[in-house]
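2 protein chains.
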Amino acid sequence: MSQQLAVGIDIGGTNTKFGIVDRRGNILCQDRMSTKAHEEVTMFLAELHQRLSKLIEQVGGIENIKGIGVGAPNGNYYTGNIEYAPNLRWKGIVPLANMLQDLFNLPTVLTNDANAAAIGEMTYGSARGMKDFITITLGTGVGSGIVANGQLIYGHDGFAGELGHVIVIPGGRLHPGTGAHGSLESYASATGVASTALELLEARPNEESMLRNHTREEIDSKMIYEAAIKGDKLALEIYEYTGKVLGEALANFVMFSSPEAIVLFGGLTQAGDLIMRPVRHHMEKNLLPIFQNKVKLVFSELKESDAAILGASALAWEMKD
Amino acid sequence: MSQQLAVGIDIGGTNTKFGIVDRRGNILCQDRMSTKAHEEVTMFLAELHQRLSKLIEQVGGIENIKGIGVGAPNGNYYTGNIEYAPNLRWKGIVPLANMLQDLFNLPTVLTNDANAAAIGEMTYGSARGMKDFITITLGTGVGSGIVANGQLIYGHDGFAGELGHVIVIPGGRLHPGTGAHGSLESYASATGVASTALELLEARPNEESMLRNHTREEIDSKMIYEAAIKGDKLALEIYEYTGKVLGEALANFVMFSSPEAIVLFGGLTQAGDLIMRPVRHHMEKNLLPIFQNKVKLVFSELKESDAAILGASALAWEMKD
Numbered sequence: 001m002s003q004q005l006a007v008g009i010d011i012g013g014t015n016t017k018f019g020i021v022d023r024r025g026n027i028l029c030q031d032r033m034s035t036k037a038h039e040e041v042t043m044f045l046a047e048l049h050q051r052l053s054k055l056i057e058q059v060g061g062i063e064n065i066k067g068i069g070v071g072a073p074n075g076n077y078y079t080g081n082i083e084y085a086p087n088l089r090w091k092g093i094v095p096l097a098n099m100l101q102d103l104f105n106l107p108t109v110l111t112n113d114a115n116a117a118a119i120g121e122m123t124y125g126s127a128r129g130m131k132d133f134i135t136i137t138l139g140t141g142v143g144s145g146i147v148a149n150g151q152l153i154y155g156h157d158g159f160a161g162e163l164g165h166v167i168v169i170p171g172g173r174l175h176p177g178t179g180a181h182g183s184l185e186s187y188a189s190a191t192g193v194a195s196t197a198l199e200l201l202e203a204r205p206n207e208e209s210m211l212r213n214h215t216r217e218e219i220d221s222k223m224i225y226e227a228a229i230k231g232d233k234l235a236l237e238i239y240e241y242t243g244k245v246l247g248e249a250l251a252n253f254v255m256f257s258s259p260e261a262i263v264l265f266g267g268l269t270q271a272g273d274l275i276m277r278p279v280r281h282h283m284e285k286n287l288l289p290i291f292q293n294k295v296k297l298v299f300s301e302l303k304e305s306d307a308a309i310l311g312a313s314a315l316a317w318e319m320k321d
Numbered sequence: 001m002s003q004q005l006a007v008g009i010d011i012g013g014t015n016t017k018f019g020i021v022d023r024r025g026n027i028l029c030q031d032r033m034s035t036k037a038h039e040e041v042t043m044f045l046a047e048l049h050q051r052l053s054k055l056i057e058q059v060g061g062i063e064n065i066k067g068i069g070v071g072a073p074n075g076n077y078y079t080g081n082i083e084y085a086p087n088l089r090w091k092g093i094v095p096l097a098n099m100l101q102d103l104f105n106l107p108t109v110l111t112n113d114a115n116a117a118a119i120g121e122m123t124y125g126s127a128r129g130m131k132d133f134i135t136i137t138l139g140t141g142v143g144s145g146i147v148a149n150g151q152l153i154y155g156h157d158g159f160a161g162e163l164g165h166v167i168v169i170p171g172g173r174l175h176p177g178t179g180a181h182g183s184l185e186s187y188a189s190a191t192g193v194a195s196t197a198l199e200l201l202e203a204r205p206n207e208e209s210m211l212r213n214h215t216r217e218e219i220d221s222k223m224i225y226e227a228a229i230k231g232d233k234l235a236l237e238i239y240e241y242t243g244k245v246l247g248e249a250l251a252n253f254v255m256f257s258s259p260e261a262i263v264l265f266g267g268l269t270q271a272g273d274l275i276m277r278p279v280r281h282h283m284e285k286n287l288l289p290i291f292q293n294k295v296k297l298v299f300s301e302l303k304e305s306d307a308a309i310l311g312a313s314a315l316a317w318e319m320k321d
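Sequence lines, in order, name chains A and B.
The first sequence runs contiguously to residue 321 in the working numbering.
The second sequence runs contiguously to residue 321 in the working numbering.
There could be a bad hint or two in this list.
Label-pair distances were calculated between CB atoms; the ranges are [as the list claims (entries may be wrong)]:
1. Phe-299(B) / Leu-297(A): 36 to 44 Å
2. Lys-131(B) / Leu-297(A): 25 to 33 Å
3. His-181(B) / Thr-215(A): 45 to 53 Å
4. Gln-292(A) / Glu-304(B): 51 to 59 Å
5. Lys-233(B) / Glu-199(A): 32 to 40 Å
6. Glu-207(B) / Glu-208(A): 44 to 52 Å
7. Glu-199(A) / Leu-198(B): 44 to 52 Å
Honestly, the hints are just simulated from the structure, not real lab data.
Positions of the beta carbon are idealized from the N, C-alpha and C atoms, including for glycine.
So here's chain A without its partners, still in its complex pose:
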């Protein structure tokens, strides 16, 4: 009966969420704290140690815990390090898995947040029982986790699955963070959707749209969604275009690893059918016949607020004893 619980820690650029999870995916207790407030990782760990220790006490102590799973930006599964994460204040290489292991005396596994989400979907979510699937996060950025033969694809260096940075439109939109032109993230993220809005508003000066009631700086993905559900034509076209670019990208991913399903999650999926319909249409249209009408395209079933903790905790079940 012992060791039937796992700790999941999701480190984001702004906040860190953590909780204790049982094998069925119930979060028994959870807490959160600021990531950003801590310039030094040691201070971050001091607060985390204090808070997480309380949770561990609540569930009866360390002997009930199998291990700790961590999802973190630029987390490397092989080394357990966070490596040069642009969204964190801790620079260079941070050996976070080792530091946590020393602090809690529990085996600790770390990977990037998108990979953690994929393991979460496989363990508790829409991809339960699947051996071949891809998860795509459509949030501030575009992340991905790829599972084939029942295993996460880490690549030779731990960095596989950067599908947000695949070039989908050669010579296309500039990505200010990477300098690349035409990467998926420049189109299918919250920022990408806002860029599409600005481009369309400029290209069609005579077309009416509710979005014209706002300044360029104000326009964001939430506002576009609200205009679209009210039937604003230009807002609807933004989803149509975003769905086309994403659908074409998904077709390419299918021809790579032929997944049983693609699981979408993150902010953009809140648009529901507005985004799903064009994505599905353009994905199918670009697939070779042998791949058509086979791939399940689904939204994550995990509650957004829980998914990160669940995903991270699920890493602990994957650990060898």
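The hints should help you fit chain B onto chain A, whose structure is shown.
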């Protein structure tokens, strides 16, 4: 000492090659026959049975053979069937692995020719000892095999790794076989290179080139190669362009599975540095910094004429006893 040999059969649209291979990759004996001459698969198998039985006798009989590996167009690893292969006269679904197993009373594994080549590279070639790599055939078409975590990626249905059909230039050149616009195969195959030549010759009516001494119908990849090594500017530009398109595609593949190496083989690789230099340049240019200067880009070390048999035979070593 028994069962230290394997049979490799490579079924091509025109010819079928087969041989008996030891664990070190020596082909002890081999033979070939026409595929095309046989309208019925049963007649094909009758001839293969007769010829291959002689080879098996030569190496001391069936008790020395572990099994048969087959590479075939549209071969499905999971089912052992050839499924709707456009380049073969046998239509629909052909349960070839089962038929061979019954005929020879030897365990038989089948996969598509590109996957067989990847297994061959891992067992005997440039990818020996690697757990993460991609092989790309640049021949009449563009094929691929993807290995991650030391395993071939077959996908949920056995059809993974169709990288020749990935769209690299949305709305680009029409692929007459698939109807797709802008797929890699339309640019990086022998046919693709010839198409690029025709497009350039037409776009630059005033630029001199040795290729103008031939009719449009005559121009093929061999002729372009010969012009290029003589310093023909237009021919050199054809390789530059082909290398750009291929290099950009490879960058996307790297961001998918982060391979240790990409192994190129097939007719186009005979152009050596003419193609490799632009491929490498444009691949690196399109990679995120974390992937740059890490991926080995190499040509296959296997002798072209042996590679197909070796690749197919290597499947037999992968079989569970």
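Hints versus structure:
1. Phe-299(B) / Leu-297(A): 36 to 44 Å: Holds, at about 38 Å.
2. Lys-131(B) / Leu-297(A): 25 to 33 Å: With a Cβ separation near 30 Å, Lys-131(B) and Leu-297(A) satisfy 25 to 33 Å, so the hint holds.
3. His-181(B) / Thr-215(A): 45 to 53 Å: Given a distance of about 38 Å, which is not inside 45 to 53 Å, the answer is violated.
4. Gln-292(A) / Glu-304(B): 51 to 59 Å: violated (34 Å)
5. Lys-233(B) / Glu-199(A): 32 to 40 Å: Holds, at about 38 Å.
6. Glu-207(B) / Glu-208(A): 44 to 52 Å: holds (50 Å)
7. Glu-199(A) / Leu-198(B): 44 to 52 Å: Check failed, 35 Å falls outside 44 to 52 Å.
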